[in-house]
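Position chain C relative to chain E; hints supplied.
So the protein sequences, as listed, match chains E and C. In this text, residue positions in the first sequence follow our numbering: the first is 1, and each later residue adds one. In this text, residue positions in the second sequence follow our numbering: the first is 507, and each later residue adds one.
Bear in mind the hints are in silico, worked out from the structure with no lab data behind them. Built from N, CA and C at the ideal position, the CB exists for glycine as well.
Some chain C residues close to chain E (C-beta under 7 Å, calculated; not the full set):
1) 539
2) 557
3) 560
4) 565
5) 571
6) 601
7) 687
8) 688
9) 693
10) 694
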Amino acid sequence: MGRSTLKSTASRCLRWLDDRTGLLWVLRHSLFHRVPVSAKWWYVFGSATMMFFAVQIASGIVLAMFYAPSAAQAYESLVYINQQVPSGWMLRAIHGWSSNAMCLMMLVHLAQVFLHGTYKYPRELTWIFGVCLCVLTLALAFTGQIMRWDADAYWGLGIGAAIVDRMPVVGNALRGIMLGGEQISGATLSRFFALHVFILPGTTVALIGLHLYSILRKGISEMPKAGEVVDPATYDKAYEARVHKTGVPFYPDAARRDMVFCGAALIVLVGIAAWYGPMGPGALPDPTIIEASPRPDGLFLWIFAALALLPPSSETALLLIGPPVGIALLALLPFIAPRGERAPSRRPLSVLSFGVVCTGIGVLTWLGMQSPWSPVMNAWTSTPVAPEFVERRSPLALQGALEFQFAQCRNCHAIGGTGGMRGPDLTEVATRLSWDQLVRQIQQGGGNMPAYGKTLSSAETHALVAFLSTLDGGRSRAQIPGAMESQSVSDAMPTAASTPLTSSSP
Amino acid sequence: MIARAVPWRRLLLACLACLSVSCDRLPGKPAPPAATPGLDVSTGFRAFYAERCAGCHGDEGRYGPARPLNAGIYLASIPEDALFTIVRDGIPGTRMPGFGGSSVTGVSDEQIRAFILGMKRTWANPTGLQSIVPWQAGLSEASAEHGATLFASRCEFCHPRAGNQTQVAGAQQGAVPRLGGDVRDPFYARLVSDQHLRTSIIFGRDDLHMPSVRGPFFTANGERVVEELSVGEVDALVAYLASFRQASTLSGRFEGGTP
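With the rest of the complex left out, here is chain E (with noise of 0.2 Å):
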């Protein structure tokens, strides 16, 4: 067959292709069609989001291959992956990193829209469906943390089945339906595999057809100038005339510069997966270990250091009526402003939320990553009392130290700047409080702190007391032994203000 017969044959089968399904016509109004000439490098985080998911798709697809979604072999299959699988690492790692990409890509696309008033009329549905995409990809992610299936996917699961559990009315047998029963197992695991793989992707490739032909409908905006108006009764037929008389083709015009940027992402990510490798998976789940402190992927640091920080009186109803109102305002924009200036320097109000959004999502994130309302699980046993809380204190004293750490007061408070930060450091506590006031405290517990008066014996909070007394920060020498004023049995206790009782020493 001659290379002509080849081609002309091939050419019969495109056209009859075409004639079918009109899909040359579908490609080439897609590639061809015209865009504003002053789209340029602001415009490529879209298509670098959709390329990131792109990635997603097929690394997923491998990984699906060898990935057992049971409770029992998950993790084990994740192992196999890393050491066994050839490569298998790298596509955990190019997974894993494509998808935190994913989200910062949007995040970026999703600012950039907003700050350049581009929802505004007439693309109110593209920016819809571009919020329905934001949801969905932050949904792809924390279900894809939790088919690590280690540590912390159990615990964020439990703290989520707590979430959805104070729902009024349906609470319970939503949590049911999350979990596939009543507590965390092989079922949840399952529920959330046929999340991952398919209904959120599904459902996300078909949001991008939409998104995607909303675009070529109503066009790509322009960039915003001052002064220009956003006018429903003209915009339309002033639009096409621009983009008629000055726009130019998607391809190769606009299409370079996204190709050029999806590029170097694509570069930069093999580069982080290749330095950094695959996330997780971390400890084994096991129910049995209390001292897990699990904390969410950088993604979703800010949502928990919100829910750790939320007062408890209103944590419920923050949780439950916070996010469908917040994601709701958000889409509906476009009804809301949809009119006016699109540059940000005439729209101050919005580029102030928007400063004030990012800037209460740094510090939240920065304050999950130091959780410091989280207790220390281990302190009690791997943090050592500094030799200065030790030295020249009594026998009783020092039961006190050993009490204070037994009964795991260390994993909440420090002393000498060690220990937990859930409660204040205690290193001069007895500046603070009186010995009364520190037998109070300690018995009837008081603001976050729990009250021990039923767990600790008389001896045993007169000894923590007594350890508790001795930390004035060093500015008495009221630490030697023997210094403690202690009545025989009495009630009556010395205060930490009694008179220093020093010894001999200079």
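Chain C in isolation, oriented as in the chain E frame:
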């Protein structure tokens, strides 16, 4: 100048080939999951110690509120089986938790034995072990009155009654600082077992300047005395200190003897 076309495709293929060949040598390749850490090596022992013991027994086994473990003769004196029971099951009624078996941290018996071996190899020092008083109580009937006399002549100088700030002659001469603190506090007596008192008297606390059973001690006048306490004298001191427990519930609970 002749512009040479860059062979992009070949370059890309070469890059991909390099990447796939060297994939397992890249820094991101995760290490194989760690097997049960070998605790018989020094580093393994130290990691175990730092995670589970340092909180109470102090960094490097010294200066903690609990008994120092970096104490040569003490470690050499206590049989491995006794140490094993203590680490695995803890000492009931005291602040020493168990780390093995059914405990939350669930360390295996093998790991505990390896840990004890590592600790003994690193810190135990049997020099002079033969002459030391047995760590467990004997069967002799000890007299608290005898203990009181001994206490006054050997211990009181460093362990005065709380609030008793009368300076004795020796102290004024700067013989030794009175650092021990009151051990006749009823609350203290209730919190510790006879065995704890006995262990403290026999082995002392080198890190906090408390002498062992071998002294040196100081008389009530602050004069230095270098002599070793006998088994009976240790028993008498324990009986005397235990008498401060008053309505104690602990006195009979440690007859098995745990250090």
